[in-house]
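Full structure from sequences and hints, please.
One-letter residues, chain by chain:
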Amino acid sequence: MSEPIECCDPDELARIKRRLERERAARREAETVSERGLRRLYAREQELLLLQDIATAANLSQSVRDVFQYALTRICDFLAWPLGHVYEVVSGDGEARLRSMTLWYARDDAAGAFRDATKLREFAPGEGLPGQTFTSGKPKWLTGVPDREDFLRRSEARECRISTACAFAVQVGEEVVAVFEFFSERALQPNRSLLALLPQVGIHLGRAIERQRAEDRLIHDASHDPLTGLPNRALFLERLNQLMAHARRKADAQFAVLFIDLDRFKIVNDSLGHLAGDRLITQVAGRLRGALRREDVVTRPDATTPGSSTLARLGGDEFTILLTDIHDPSDAVRVANRVKDALRQPFAVNGQEVYTSASIGIASSASGYESADAILRDADLAMYRAKALGKARWELFDREMHQAAMTRLALETDLRRALQNEEFVLHYQPIVSLRTGQVAGFEALVRWQKPDGELVPPGGFIETMEDTGLIVFLGVWVLREACRAARMLQESLPGAQDLSISVNVSPRQFAQPDLAAQIRTVIEEVGIDPHRLRLEITESAMIGDMDRVAAVLRELKEIGVRVSIDDFGTGYSSLSYLHSLPLDVLKIDRSFVSAMAHNGESLQIVRTIMSLAHNLGMDVIAEGPEDAEQVSQLRSIGCEYGQGFYFSKPIDLTAAMAFLARAQNSSEALC
Amino acid sequence: MKGIVFNVLEEVIVAHHGEAVWDDLLDAAGSNGVYTSLGSYPDDHMTRLVKAASDALGMPPADVVRWFGRQAMPRFAERYPEFFTAYASTRPFVLALNTIIHPEVRKLYTGAICPNFDFEDEEGGALLIGYRSPRKLCALAHGFIEGAADYYQQHAEVEHLACMHRGDPRCLMRMTVH
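Protein sequence lines, in the order shown, are assigned to chains A and B.
Read left to right, the first sequence gives residues 1 to 671 (the numbering used here).
Read left to right, the second sequence gives residues 1 to 178 (the numbering used here).
Since the hints were derived computationally from the structure, they do not count as laboratory data.
In this text, all values refer to a predicted model and were calculated from it rather than measured experimentally.
Glycine is no exception: its CB is placed at the ideal position from the N, C-alpha and C atoms.
All clues given are correct.
Derived DEER-like restraints, expressed as beta-carbon distance ranges:
id : chain 1 : residue 1 : chain 2 : residue 2 : range
1  : B       : G111      : A       : E12       : 39 to 47 Å
2  : A       : R107      : B       : V34       : 37 to 45 Å
3  : A       : T32       : B       : I113      : 17 to 25 Å
Right, here's the structure in full:
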């Protein structure tokens, strides 16, 4: 113990003590101020660390659940709260609801009864703590939880001694996608700085969801057709492969692949435009979906599990259906019939009625396939067969079909080459006036002169060219060649300048939007009188969009070209369009002409068609007269022109010129 | 050790024995006595001050520490009332040390090293408190508990069932509150 300082007087000592006391107080004050500052700094640092940790987790983690679990734990650690939980926003049909993701942080397995109650219920927007947080998008802090009317789990909260609750929303932009909630047994007043922090946490967590969604979208887009939303080829093959791997283990599981190709789709696409084509495809996809949705589609009577199906769009107008758990191929045929039925009603595209049908090829696992590619290929081949056999039908694959398809494929390749090498030639068949017996004109007919010398008639290649679209290129070539030939014929003899030239226009060609322009170009290029050019168009090419057909024909009329309707009587023979379209010439199909002599009915039909044509101001050409009797019969009923073997078979240009010269020099008429 | 502990020690010594004693203790411990709550100081300073107090007051060092702990508690309650008012009695206060109070202390004093206790209920209502720390300040804990009980106007008996000072691997205290 030190003695009191004796050198100082008591007043001095008291002053020094007071000073010391002041200094001490000042020091404490300074310490308090600094402590407060340091505490704030520390708190802010911890908050930033929390935010940074969660942001890092949200950016690095592979799964949303992992990120959320991390955030739950991290926030509970940060707050030293014992309980945290996450809701996801589910929107089934109609209103969004909040449902437990069954993600928890529960220190020492806290609050079991409360957790059970949470798991069991869903919250509507505005309902309870999660619902209110969902609706407002803002963090919420509740004190005195067990006594709050708006806290729906209050009795369980009381039971588990929960006193304070806090929740915040996870957001992607404005959209709330999840709600986090935290609970404490302590009575705690709202923590302002935390409430300011939580929305930022919510945004970071939202990024994880956003990334997940982008990923899901990429995966979906990579495996689905963007137009129809149906699985694409890749996904279809994947499912087929899975199924085949599965079927190998389970021998009695049968399945089938239906390959569907729309008939005449290319014509719709070419004539109404690609946008219309897309609309048609979308509607077709909808009907196919509907046809498959029917529950009884492939359920076999003894099936324990109903069959299921995958509808896919492979591209263009090609769809596929994978039918699983079928009994035998007839199940697949039943589905094919449903598909046919589903397409029977017209489609409304751009305010017009458009008809389409489907050619369907079926390959069944009963044939024993080793690979997905093989079964798909065979379904495709069967589809081609269905097309070849008249479209709007189904075909089952077999080996012969396969061979036929291989041949066809080779033909296609040959035809492409033939176009490049100009292996086509034109032959001309005279059209003779039955009244004067003079040659009125020629019809140009295309032949394929193969490199080996074989001359292939149109029946051997036109259909394939039509299907592949090659016909459009061939058509332009034929038109130009025929017009050139016509000029030579017209100029070969005096008095031949009025000879007409008839050229066939295929349905695909007719559907070209710039058909009239193409024809005008050729006419101007060759320098032929447009009135001498006759375009022969079949009935089938003219069905469909009547307004467009009429517009095209009017355009052709304006150029001065005349239009014949070819093979009349074999197709739809619609009187209404005969009446409403500006047609010049009607060609009666050879089948009526050849049957005329010994079949009164045929004669009557020819007579009727003729009077119909005449009434509409059209000339009539009878196709295929083979003998004098037919010719005189036709002449007697007032038919103007004939074109057939009786006069001449189709001949090359040199022969045609000679024929013409002979006919003119001969004093006798040809008939 | 955080400066606040030295500040409170000074307050306690000065309150009970006068400023001169504190000066003497500093001299005896060879310390200049510059302690601010913002700083941290070597544990050795505390050990030497306790030794000096033990010599000066004629008490074993452990008793000095325990006495200091008990006396310090009301002063902490004065400085940080929210740590105390959140609990109704000694037991929940003690149970909240690991999860709430020490984390808060770490917020107040960055870098503070607080011990982690383990708790076990004993039949008859006693609480077993385990403590393991290289500082071996079980006596301080003992004193703090008594001080907390004083704050809640209770009486706490603390019995050292095991003690690192007696060569046990950890300390184990039985707390009974009346």
